[in-house]
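Its first residue numbered 11, the sequence shown is counted upward by one per residue in the numbering used here.
The reader is advised that the hints may include incorrect statements.
What the hints assert, rightly or not - Cross-link-like lysine to any residue pairs, in silico, SDA-like; alpha carbons within 20 Å at most:
| no. | residue 1 | residue 2 |
| --- | --- | --- |
| 1 | Lys13 | Gln67 |
| 2 | Lys13 | Val59 |
| 3 | Lys13 | Glu24 |
| 4 | Lys13 | Ala69 |
| 5 | Lys13 | Ala78 |
| 6 | Lys13 | Asp70 |
| 7 | Lys13 | Glu64 |
| 8 | Lys13 | Thr60 |
| 9 | Lys13 | Leu53 |
| 10 | Lys13 | Gly62 |
| 11 | Lys13 | Pro66 |
| 12 | Lys13 | Thr61 |
| 13 | Lys13 | Ala58 |
| 14 | Lys13 | Tyr23 |
These are computed hints drawn from the structure, not numbers from a lab.
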Amino acid sequence: MSKDTTEAALASYEILIRSVGQGIREVHGNTTWEAVQSRAESLWQLYAVTTGLEWPQVADRVRDAWRAAAVDDTQP
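Please put together the full structure from these sequences, using the hints given.
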């Protein structure tokens, strides 16, 4: 995938990427990224075939969504 194509795909699948990160947080609770990263990667593999995006292309965004979900947990 070219850089432009990858960026377009990332933008197109942003909701899915965010959902994976948030879902890992919901299922595994407040832990460290290191403790859940392999689970997140395994989950993403289910979507890689459909999206064309491999784990290295989405890992940072999934981690960011995972972190953001912890902030959301503190909201009333």
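A quick look at each hint next to the structure:
no. : hint             : result
1   : Lys13 with Gln67 : 10 Å, holds
2   : Lys13 with Val59 : 18 Å, holds
3   : Lys13 with Glu24 : 16 Å, holds
4   : Lys13 with Ala69 : 16 Å, holds
5   : Lys13 with Ala78 : 26 Å, violated
6   : Lys13 with Asp70 : 16 Å, holds
7   : Lys13 with Glu64 : 13 Å, holds
8   : Lys13 with Thr60 : 18 Å, holds
9   : Lys13 with Leu53 : 24 Å, violated
10  : Lys13 with Gly62 : 13 Å, holds
11  : Lys13 with Pro66 : 13 Å, holds
12  : Lys13 with Thr61 : 15 Å, holds
13  : Lys13 with Ala58 : 17 Å, holds
14  : Lys13 with Tyr23 : 15 Å, holds
Of the hints listed earlier, those the structure fails to meet are numbers 5 and 9, in rising order.
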